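Based on the sequences and whatever the hints tell you, model everything.
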Amino acid sequence: MSYRTAVEPSVRYRVALAPGWVASLAVVVPFLAGVSIPPALQYVPLVVSAVLLGLPHGAVDHLAVARARGDHPDWRAIARVFALYGGVGGAYAVVWFLAPAAAFVLFIAVTWFHWGQGDLYALRALADTDHLRSLPQRVGTVLIRGGLPMLVPLLAFPDWYRRVATDLVSLFAPDAVAAIGWAFRTDVRTALAVAYGALVVATLAVGFARADARRPWLLDAGETLGLLAYFALVPPVLAIGVYFCLWHSLRHVARLLLVDDDATTALQNRDPAAALARFARDAAPLTAASLALLGGLYFLVPNPPGTVPEWVALYLVFIAVVTLPHVVVVSIMDREQGVWV
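Counting from 1, one number per residue, gives the positions in the sequence shown under the UniProt record's numbering.
FYI, nobody ran anything at the bench for these hints, they're computed from the structure. Computed from a predicted structure; not experimentally measured. Think of the CB as a built atom: it goes at the ideal place given N, C-alpha and C, for glycine as much as any other residue.
Label-pair restraints from in silico Cβ distances: (1) 33 x 102: 37 to 45 Å; (2) 90 x 30: 35 to 43 Å; (3) 264 x 47: 30 to 38 Å; (4) 222 x 175: 42 to 50 Å; (5) 30 x 80: 44 to 52 Å; (6) 293 x 6: 32 to 40 Å; (7) 39 x 226: 19 to 27 Å; (8) 300 x 175: 15 to 23 Å; (9) 212 x 300: 47 to 55 Å; (10) 80 x 293: 17 to 25 Å.
Right, dumping it as structure tokens:
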């Protein structure tokens, strides 16, 4: 099944792309005006993501692979995905207990790739870009787009980034935080900033030279530069919480709708509410099961959370554990839909 879709661009933009643009702008404007948001309130979007789009966007993985192949999910297809989650996710959970600093670094790397691959799909399938013609361009785009939420906050808000890393690692071994102290050194961050900036300029320049139509390239460049400003200005917990729900997760939900025949029909009939209701129905059982597993994780970690930041840290550890098998599922979808070719 190709990633190409018969759903009108206006519907794709309104359902999948515009909410992220509007939310990002709405969040960044107060900070441009010098308005301060209390730290406690900055955790709200991440907390809400447990039930709104964030956690649920991966709760249809058991159906997604078969649908991406143009098949109806049967018990074998569903069992394979459950086995993937149990094996890969379970092994990664063990790593958090044995080597939490290494597990945190892996979380950043996997999320960097995954959020980049999500935007690569969105650019090609939802925005109809024509300038990402070569494999190096697509790799560069994944590195750039994933680096916006994963790297730019480290460059702009190193203290916030260290605080979140400390909260996650300290659930398992507070002393292990020292093992990732190198990432916050000024020389390391400077080198990363220079390399990343060069990659942004080079990838966008090559895309400009190869674009047949300027509008899709302008969308790519506008999103890239807009998110660069967004993550440089908005504190990381708030910025990533909003981005996770209304940018990354919503775009993936749109992808799931486009491989579901009934949801696609609803979108073609300009009835996104019906399509989203179908997704919500599909996602509800495993979202509820995931929340139960999250509650169980509370009793397993050596240092259970007691504050809102620590509870959010526990949630992020759980997100890390389920993200790794989720990336495998999405990568299979990429292969089946020809996103990289």
